[in-house]
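**Student:** Sequence:
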Amino acid sequence: DAADEALPATLLAEMEDMVTVATDARNRTRHTIVAEAARNELLRPFAVLRAGPTIPVAAPAPPNGPIALMDRVAVAQAHGSVPFGAHGTVVRVLADGQYVEVLLDDEFWLATRLDGRLKSQRG
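Residue 1 is where the sequence shown starts when you use our numbering, and the numbers rise one by one after that.
Everything labelled a hint here was simulated from the structure, so no lab data went into it. Keep in mind that the hints are not guaranteed to be accurate.
[Stated by the list, open to error] Taking lysine to aspartate or glutamate and the DMTMM-like style, the derived pairs with C-alpha atoms no more than 20 Å apart in a straight line are: (1) 119 - 24; (2) 119 - 14; (3) 119 - 106; (4) 119 - 107; (5) 119 - 17; (6) 119 - 96.
Note that this is a predicted model, so its numbers are computed, not measured.
Required output: the full structure, derived from the provided sequences and hints.
**Tutor:** Structure follows, in structure tokens:
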């Protein structure tokens, strides 16, 4: 009988603080809009789909194995509580291996606090 795999609460809190600082710094920098880019110049991270309080792993699995703690992912569903393309880090893999929880890089109004484990709407 498998158990969930999750980051310790103290590490999750530290990661949330680091993401907040990095996001604030990024938001203060000047953004460049790329008008034209060849397809081979763009990177596409492994995608996940948003569904309820957890996120089901999208098929196919990444080439180096199943999604694991600390993997970087992007939301690939156009509707739901988190915008398409939002990036984050996997902080919990549920025992069934089909669902993960993600600490998002940015706060979103409809995101969760991962059942009170986060201070901000980044889950």
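**Student:** Would you mind marking each hint as holding or not holding in the structure?
**Tutor:** How the hints compare with the structure:
1. Between residue 119 and residue 24, the direct Cα distance comes to roughly 16 Å. Compliance with the 20 Å bound is thereby established for this hinted pair.
2. Note on residue 119 and residue 14: the hinted pairing holds, with a Cα-Cα distance of about 11 Å set against a maximum of 20 Å.
3. This hinted pair checks out: residue 119 and residue 106 have alpha carbons roughly 13 Å apart, not beyond 20 Å.
4. Between the alpha carbons of residue 119 and residue 107 the distance comes to roughly 10 Å, so the proposed pair stays at or under 20 Å and holds.
5. Distance hint between residue 119 and residue 17 is fulfilled; the C-alpha atoms sit about 9 Å from each other, no more than 20 Å.
6. The suggested pairing of residue 119 with residue 96 is violated, with an alpha-carbon distance near 27 Å, which exceeds 20 Å.
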